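As given, the protein sequences belong to chains B and F, one line each in that order. The opening residue of the first sequence carries number 1 in the working numbering; numbering runs sequentially from there. The opening residue of the second sequence carries number 1001 in the working numbering; numbering runs sequentially from there.
For the record, the hints were derived by calculation from the structure and aren't laboratory data. Misleading hints may appear alongside valid ones.
[Said to hold, decoys possible] Quick list of in silico lysine-lysine cross-link-like pairs, DSS-like style, CA-CA up to 30 Å:
# : chain 1 : residue 1 : chain 2 : residue 2
1 : F       : K1047     : B       : K15
2 : B       : K9        : F       : K1047
3 : B       : K9        : F       : K1149
4 : B       : K15       : F       : K1007
[Unchecked claim] Partial chain B-side listing against chain F, Cβ under 10 Å, derived:
# : residue
5 : M40
6 : V62
7 : D169
8 : R206
[Said to hold, decoys possible] Ranges of calculated distance between the beta carbons of each label pair, as one might list FRET restraints:
#  : chain 1 : residue 1 : chain 2 : residue 2 : range
9  : F       : N1004     : B       : E84       : 57 to 63 Å
10 : F       : P1048     : B       : T68       : 35 to 41 Å
11 : B       : P24       : F       : K1002     : 45 to 51 Å
12 : F       : W1129     : B       : N186      : 25 to 31 Å
13 : B       : N106      : F       : L1119     : 41 to 47 Å
14 : B       : D127      : F       : L1012     : 27 to 33 Å
15 : B       : T225      : F       : P1048     : 53 to 59 Å
16 : B       : T6        : F       : I1026     : 46 to 52 Å
17 : F       : M1144     : B       : E81       : 39 to 45 Å
18 : B       : V47       : F       : L1012     : 17 to 23 Å
Because the structure is a prediction, the values reported are computed rather than measured. All C-beta atoms, glycine included, are put in the ideal place defined by N, C-alpha and C.
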Amino acid sequence: MIEKSTSSKMLTLIKSAIAAAVLPVLFIYIMIAKPDYRIMNRLAHIVLPVANVVGDIITWPVRVVGNTIADIHELSILRSENAELRVRLDEAMTRNNACDIAIAENDSLVRQIGMARQIPHRTIIADVIHDNRTLHHNTFIINRGKADGVDSGMVVVSPSNQFAGVVIDAGENFARVRSVTDSETNIAIHIAGYEVYGFLTGNASRTPTVGLFSDPQFKPAKDLTLVTSGISGVLPSGIFVGKMKNSTDVDVLQPGRLSRVIVLKFDTALEYR
Amino acid sequence: MKENIVKSLRALFPFLSVIFLWRLSIPFWNPGGILAIIPIFYCTFIKPTPWFMPFGLIFSFLLDYNLGALCYWTALYCLCYALNGFQSFIDVQHRDFNSIDMFMLYIGLGLVFFVIANLNWTTFGRTIWLFIYMSVLYMPITRMINRVKNDR
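Could you put together the complete structure from these sequences and hints?
Structure below.
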């Protein structure tokens, strides 16, 4: 048994009662504030930048050392990368002409078959400042927020135009992005080259799974390309998501590889949840 | 003057250690800044520090925001705080190895209920890793807090 004075015991009981009283408030809030949790997110928009600034001040020596090591490592690979890039540039220049012809042909074909492709009316380039991969949650934070035009539901792609995730919360100068590997990711996809649609579901592993195909006879196979389908108007159509690794798993963009992303604003009817 | 600064830094150390660990979040080693739970737990339940409870609450909330966990760790923190205050059977403050058994219980139950709805081999492996890793780091971090407080 713990021996305590009466006043100390009373104080402990009062503090515990206050903590206990917070619990039902939290539970009721979770139940009624679904799905956007506005109050909680607004509170985070105030507390998070303050904590980040204080954290930046405290951790600067560690981050300086970390950045220096990363810079040295980057410098060491730049030379070989540069030589490789020169070779690839030469190859690209020779292919450029063929590409121009192909683009013109493609435009003509698109007009002929009447295919509609959504084009973003705004793009915002952002840097990844926080990678929050943990357990079954794979989110990351970017350094652009409402002040730059970023809002919930906007699509995030890599510089190579591969689907990276969706903005789920936007603060004034930062935004939180749910990556494609997050366990809550569930997006409608289209198998390129086939009239087959399905759903891609994240499971926190490196390879989300695809299923619930519109055609039950369809046999998914390795190397099939998946793009967003635009069904239900939640996500725009035609964004490259990944390639099938086998009959269920999909090779998608890993959030850990991202340092810079592009946020796209489309005119979609519904907001992504 | 110098003594005042040292004294202030000593008093601030538990708070600074929480911010430090939360801010230095790295996937795999410190996902979402989850290591901040160690000083939060220690300075709330084992070596209660004045005014630490509201601070712990705020950082549990920030941890939840990083992990996309709504109010999970915040609610768990409040629940344990309430349970600990109402009970007088277990003396959590005076157990061996800075009450590491209590910490393992806290973090173990916390992690299990956190991932139970999304359990697969990947999350199972990550849960086991985090549990072992955090349990191993508990002693060095708490000893450092004790040393700074000059309480050996």
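A quick look at each hint next to the structure:
The straight-line distance between the Cα atoms of F/K1047 and B/K15 is roughly 16 Å, inside the 30 Å bound, and the hint therefore holds. Under the criterion of a C-alpha separation no larger than 30 Å, the hint pairing B/K9 with F/K1047 is consistent with the structure, at around 16 Å. Only pairs whose Cα atoms come within 30 Å are accepted, and B/K9 paired with F/K1149 is accepted, the gap being roughly 25 Å. In summary, the hint linking B/K15 to F/K1007 is supported, as the alpha carbons are separated by about 27 Å, within the 30 Å threshold.
With a cut of 10 Å, the hint placing B/M40 at the interface with chain F holds, because the nearest CB-to-CB distance is about 7 Å. Taking 10 Å as the C-beta contact cut-off toward chain F, the hint placing B/V62 at the interface holds, the least distance being around 6 Å. Nearest Cβ of chain F to the Cβ of B/D169: about 9 Å, under the 10 Å cut. The hint holds. Proximity of B/R206 to chain F holds as hinted, the smallest CB-CB distance being about 8 Å (cut-off 10 Å).
The given range of 57 to 63 Å is respected by F/N1004 and B/E84, whose C-beta atoms sit roughly 58 Å from each other. Between F/P1048 and B/T68 the C-beta distance comes to about 39 Å, which sits within the given range of 35 to 41 Å. Between B/P24 and F/K1002, the C-beta spacing of about 48 Å keeps the proposed range 45 to 51 Å intact. In this structure, F/W1129 and B/N186 meet the distance hint of 25 to 31 Å, their C-beta atoms being roughly 26 Å apart.
The supplied range of 41 to 47 Å is met by B/N106 and F/L1119, whose beta-carbon atoms lie about 45 Å from each other. The supplied range of 27 to 33 Å is met by B/D127 and F/L1012, whose beta-carbon atoms lie about 31 Å from each other. Between B/T225 and F/P1048 the beta carbon distance is about 58 Å. The supplied range of 53 to 59 Å therefore holds. At about 47 Å, the beta-carbon gap between B/T6 and F/I1026 stays in the expected band of 46 to 52 Å.
Restraint check, F/M1144 to B/E81: a C-beta distance of roughly 41 Å satisfies the suggested window 39 to 45 Å. At roughly 19 Å, the beta-carbon separation of B/V47 and F/L1012 lies within the given 17 to 23 Å, and the hint holds.
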